[in-house]
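Chemist: The residues making up each chain are set out below.
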Amino acid sequence: MAVTQDQPFVLTKLDEFLKWAQSSAIWPMTMGLACCAIEMMSIVSPRYDTARFGAEVFRSSPRQSDLMIVSGRVSNKMAPVLRQLYEQMPDPKWVISMGACASTGGVFDNYAITPADTFLPIDIYVPGCPPSPDALIYALMQLRREIRAGSKAQVLAENA
Amino acid sequence: MSAGLSALVNNPDLTLSPGDDQDTLVLSMGPQHPSTHGVLRVMLRLDGEMVLSAEPEIGFLHTGIEKQAENLFWQQAITVVDRADYLAPLSNSLCYVLAAEHLLGIDGQIPPRARVLRVMFTELTRIASHLVWLGTHCLDLGAQSIFFYAFEMRERILSIMEFVTGARMHQSWFRIGGLGIDVPKGFLERMDDFIDRFPERLADMRAIVEKNVIIVDRLVGVGKISQQEAIDWGLTGPPLRATGIAYDVRRAHPYCDYETYDFDVPTQTAGDSYARFVVRLDEMSQAWRIIKQTRDRFPGGPVVIDDRKIVPPPKTEIQHSMEALIHHFKLVSSGFNVPEGHIYQAVESPRGEMGMYVTSAGGNKPWRVRWRPTSFYHTQALKRLGPGNLIADLVAIIGSMDPVFGDVDR
Amino acid sequence: MPDAASPLGVRAPLSDVVAMLTQAAGESFIESAACDDMDEIALRPDGLLPVVTALREAGFNHLLDIGGTDHHPLSPRFEISYIFTAMPLGDQRDPHRLLNLKRMRLRVFPDDVEPVVPTMAELWPSADWPEREIFDLFGVHFAGHPDLRRLLNPDDWKGYPLRKDYPLRGLDRGFVPGGRGGAVPPVRES
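These protein sequence lines map, in sequence, to chains A, P and R.
Note that the first sequence covers residues 1 to 160 in my numbering.
Note that the second sequence covers residues 1001 to 1410 in my numbering.
Note that the third sequence covers residues 2001 to 2190 in my numbering.
Keep in mind the hints are simulated off the structure, nothing from the lab.
All values reported here derive from a predicted model rather than from experimental measurement.
Every residue, glycine too, gets a C-beta built ideally from N, C-alpha and C.
There is no bait here: all hints are sound.
Reference listing, derived: stretches of chain A covered by chain P, where coverage requires no fewer than 3 residues with Cβ under 8 Å from a Cβ of chain P:
#1 36-43
#2 74-84
#3 101-112
Let the sequences and hints guide you as you build the complete structure.
Modeler: Below, the structure is given as C-alpha cells:
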C-alpha cells in the first residue's frame, strides 16, 4: 500500500498492519448449503489444508466469523435466512459466492433457485459445479490480495 | 399396531403451541447449524435440555430438480439428477439410467464392461459417502481427528473419479446405453493401489472409533427404534438394517448383476445409533469386497451399446462418416424418444432404498421423474426419535440417520 | 424374478392379492395391470381406504413412497401413486431369505378440478410428509390430514409448481426488492 500525501505515516502503517492481520486469519462461517459444502469441507482436509492460511477455523456463529462462503444453491426459503446471517456478521466481512448455483443459478434455471447476488454483496465469485477445493483456495488467495490492497480496483491496478 | 398420527397430534404434550407452560422453551435449531448436516430446521420444545417434541422443517434446499428434469432431454436430465443426493451422485444417475434403459427396452443389451464398471464405481461412491458420514458424525460427537482420516481416504477416491470421468463430484458418467467414456490407461494401477491401501486404513479408523468409550457411551441406547416402528416410518437402508431386517435392494431386487457378486449384508439388532454406526462401518468393508471382485473380473469390450439412435458415435467417426454426423446432430439437438410407459426403479444408495418412479409419455423428455427420497423418510422419523432425548443426543441421532438435504428437498 | 409359489411375507400368491384388492375396491376400481416391475391397480379415491386395509392384511406393511404425477392435458390429470413392500418381521438377518420381495403399486386418480384423496397418515406415520409435499407441488388435498400445509416451498408461495401448466421459471421471475419473504437488495457502504 503506497504512502499517500494526505495520510500520516503512522496511520498508514497501522492500516497496513490491520489489513495484514485481517487477511491472515479469515474465519469462515459454517454456511454449507449443498454439494459445494462438501468441497468446502475438503479444504480443511489434509490434502488441501487451509490451516496454512489461517482459515481453517470454521465458526458456526455468524457473530464470530469474517467470511460467509455461500456454498450451494440458494432456494427461496433459504434466501431470507442468508440475509439475516449476513446482517448478523460484524464488520469487516466478506462474501464468497462458491459455485455456479450461488453465482448465477447454475444448472437450475427454475422457480426455486435464486443467485446469491440478488440479496448479498459478493466479493468473489468462484465458478465450478462444484469448484474443486483448489479453486476455492485460489478464491481465498484472491480475497486476501483484495484485503491487503484495499479494494478490487487496487488489486487490478497493481497487477496491470 | 402402529401409532396413528392423530394420537400424536392430539397429545397436548407433543403439540407445539406457544406459551402454555412457562418452563418449556421453543427453540429453532437451524437451518444454519453445524450439526444438522445441511439445511434442516428442527423446532424443538425443550424442558431444560430435554427434548419434549421435535418438529423438523425442510424445504431450505428445494431446487425443483423434478421439474427441471421434465424440461431436459433424457440424456441431459442425468446432470440434474446427479445433484440431488450430492454425496452419492453416481447412485442417483444409476437409478435414473436403469429406469430409462428399461423403458427403452435395452437393459439386457448393456455390455458387461459397462455393468462391471457401474458396480465398481457405485461401490466406490458408497465408500466415499460413508467416509463423509463417518467424519461428520464423529465431528458432531466431538471427535475431530477422525474427520481428517476419513477425508484423506475420500480424496483418494475422488482422485480416481477425476482421473476417469473428469469430475470429482457430479460425474454424470453413467449414460443411457452404457458409460460416457471408457477408463483411461493407468486406471487399473490406481485401482489396485486403492484396493491395497483401503483395508488397512479402514482398520485404523475402526480402531479409533468403534470401541471408543466415548463413542459407545454417546451412541448406545440413543435413538432406539423397533422393527415395527422402523417399517411404519418408512425407513430403509442402514437404519432398517440396524433393527435386524437385512433388506438390501441389491439382494431383494437385483440390478447390474449384483446377484453374481459375493457380499454380506451387515445387520445389527439393537436399533439404536450405535447399531447404525456399526452397520455403516461394516458396509464399507463389504463395498471393498465387491470392488475387489469387479477388479478381478474386469472384462474387455465396448462400454456403450451399439445403437446410434441412443448413444452418439465416437468423435473420430464423425469426422469421416456422414451418417455418424447426422446421428450425432440428431441426438444433440433433439435427443431420442423413449416409448410410453412407467417404471419404479430402486437402487441401494448409501442412505438406503433410493427409487425413481419414471413416467414417459413417448417424447424426448421425461414426463415425470418422481424421486423416492430416502433421507426424506429418515428426516421425518426425527419426529419419533427426537422426543425424550437431550439436545446432544438429538445431534447424534441426526448424524446416525445420515440425511442429505439435496435428497430430502430436491 | 419373483416366484409366485412361495413369496416371502405375503400370505397369498400375488395374483390372488390383485383379485382381492379388485374386490375391495368395488366400484372405484378402474383397471389392474402386471407391469415389469410390479403389479398395479388403478382406482378412484373412494376405494383407497378399503384397498389399503386389505393390502395391510395381505402383509404389505411397508409404505415405500407416495408420489404425484400430472398428466395434463390428459384427463384424469392427477395420479397419486402408492408403492408398498411386504417386509417380514422378526429375526431377518439372513439376507438370503429376503430375496425378490413383493411390491405393489396403487394409482389413485382423483377429480381434475378439486382433487381430494383420503389420507394415509392415520395408518402410516411415514405418509405425513409425502402428502404435504404433493399438496405443495400439485395442490391435491388429503382429507383428514392433521396438518396439511406446504412443505418444500415457502408458506406464502402462490401456485403449485409441479403442475404442467405452471411455468418452469415461476410466475414472478425477476427480482422484486423487499419481496421473497424479506430478502432485500445489498447496500454497499464505502
